[in-house]
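Now for the letters of each chain:
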Amino acid sequence: MHRSLTISAAPIDEADLVAARASSTTMGAAVYFSGIVRGSEDAQPISALEYECFRPMAEHQFHRLFDELECRWPIASVRLVHRIGVVKAGEASLWVEIVAPHRGEAFAACQWLIDEMKRVVPIWKKTLPGQPVPRH
Amino acid sequence: MQIRVQFWSYFKELTGCAQATEELVEKATIADLLQRLHARFPKLVSMQNSTLIAVGVEYQGRDYVLKAGDEVSLFPPVQGG
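Protein chains in written order, with this note's numbering: chain A, 1 to 136; chain B, 1 to 81.
Since the hints were derived computationally from the structure, they do not count as laboratory data. Careful, some of the hints might be misleading.
[Stated by the list, open to error] These stretches of chain A come out as covered by chain B in the derived footprint (C-beta under 8 angstroms, 3 or more residues):
hint, segment
1, 107-119
2, 122-130
[Claimed, not checked] Each computed DSS-like pair below joins lysine-lysine, with the alpha-carbon atoms no more than 25 angstroms apart:
hint, chain 1, residue 1, chain 2, residue 2
3, B, 43, A, 126
4, B, 12, B, 43
5, B, 12, A, 126
6, A, 126, A, 88
7, B, 12, A, 88
8, B, 67, B, 27
9, B, 27, A, 118
10, A, 88, A, 118
Every residue, glycine too, gets a C-beta built ideally from N, C-alpha and C.
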């Protein structure tokens, strides 16, 4: 299984990521999820989220999840990008892609990976108050 | 033995520091370490049921027996995504 993990303060360029997808004629499904920072938290407007990461442990835990993913489903590729630092409302903080033979396992694996990430990967966020800046 | 502890997320605000060192007897457990830390940083007590603990890059339970040189991390529930 191909795997790629990026934890970075750089903005997520979805078009570039999609263009870089490696697939084959045996793979019938490519599912990706983009997590976007909302402009409110607990009904209060926010301008951004600030992400903090315990990087060595986060990388280790992500790779453990990738190992388990590979045991559970016949996945050809997993790519995951998580931003750290300040991520403005409207910007992507997370991007996950699964390439698999069929859509069932691709959707299931993507959902499972995100759920498990939120349970074990040491990343935290805090809200930065203020009005979201409109994006056009 | 000396054990280095790192605090993450808002645990840094609760303790007022990012890291601390504790001197413990041989074969002390994480539970022993927490007892010391709760006495030293009382604001951590209210979080004790949801505190996550790692040694190095692995999660560990309160019965884990500490070794000299272990680096312990304490943090609240994770919130990635």
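- Message: Tell me the numbers of any earlier hints that the structure contravenes, in ascending order.
- Response: 9
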